[in-house]
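As a plain string of letters, each chain reads:
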Amino acid sequence: KQEVTQIPAALSVPEGENLVLNCSFTDSAIYNLQWFRQDPGKGLTSLLLIQSSQREQTSGRLNASLDKSSGRSTLYIAASQPGDSATYLCAVFNAGNMLTFGGGTRLMVKP
Amino acid sequence: GAGVSQSPSNKVTEKGKDVELRCDPISGHTALYWYRQSLGQGLEFLIYFQGNSAPDKSGLPSDRFSAERTGGSVSTLTIQRTQQEDSAVYLCASSFSLKSYEQYFGPGTRLTVT
Chain A
1 KQEVTQIPAA
11 LSVPEGENLV
21 LNCSFTDSAI
31 YNLQWFRQDP
41 GKGLTSLLLI
51 QSSQREQTSG
61 RLNASLDKSS
71 GRSTLYIAAS
81 QPGDSATYLC
91 AVFNAGNMLT
101 FGGGTRLMVK
111 P
Chain B
1 GAGVSQSPSN
11 KVTEKGKDVE
21 LRCDPISGHT
31 ALYWYRQSLG
41 QGLEFLIYFQ
51 GNSAPDKSGL
61 PSDRFSAERT
71 GGSVSTLTIQ
81 RTQQEDSAVY
91 LCASSFSLKS
101 YEQYFGPGTR
111 LTVT
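Residue numbers (this note's numbering), protein chains in the order written: chain A, 1 to 111; chain B, 1 to 114.
One or more hints might be untrue.
Chain B regions said to be covered by chain A (calculated; three or more residues, Cβ under 8 Å) [to be verified]:
hint, stretch
1, 47-59
2, 76-84
3, 103-109
No wet-lab data here; the hints were simulated from the structure. Even glycine gets a Cβ: it sits at the ideal position worked out from N, Cα and C.
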């Protein structure tokens, strides 16, 4: 059974810092990995999708990497801003046709 | 274009009543998914549809839960004889097809069973 772990569970940083969120998964037989953002009381917003054959994806200040063989992904956020404050969720899509989610990292960026 | 929509956004019901939750996927998306997000459990998968077919119902928490999809579009998740442990946010997502495609989520339905 696939298990996804995110570290740290919570993170508080001053504005302008570069930061890294970590995600690990136990079964490397995945089709893709998605990073999401969730604001309080809201649904999930997709940030980046990495296919199993890819090593990284970039969107603006966000960069996500994937090392499928070691079961790891990182989300790098450059020059963090208070508007980046949210919960970030990592999820893997594998056999069973479903996303398995990590517990999330709750990020607060202080002005 | 329009994203995934869900209704109602909030539902408060008494224990023992039946509820029906609705999901409208993005037009043209053949795959549709239901997830549940609760405080103690995080985000858990419930069921997926490819077209109108749901080949695997094993993710549904109990036989009080059922789901259907008609016309390859709208889906409804029905919970019969609701219990307090059913209280959660129910999220729907759709994607162009299965496996390699990005899933887009709706805003969710917050269900509270009193």
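Q: Closer than 8 Å, Cβ to Cβ, for at least three residues: run that test on the stretch 76-84 of chain B against chain A and report holds or violated.
A: Coverage by chain A is violated for the stretch 76-84 of chain B (0 residues, Cβ < 8 Å).
Q) Are there three or more residues in the stretch 47-59 of chain B whose C-beta lies closer than 8 Å to some C-beta of chain A? A) holds (count 4)
Q | Verdict on chain A covering the stretch 103-109 of chain B, where coverage means 3 or more residues with a C-beta closer than 8 Å | A | holds (count 6)
Of the numbered hints given earlier, the model fails hint 2 alone.
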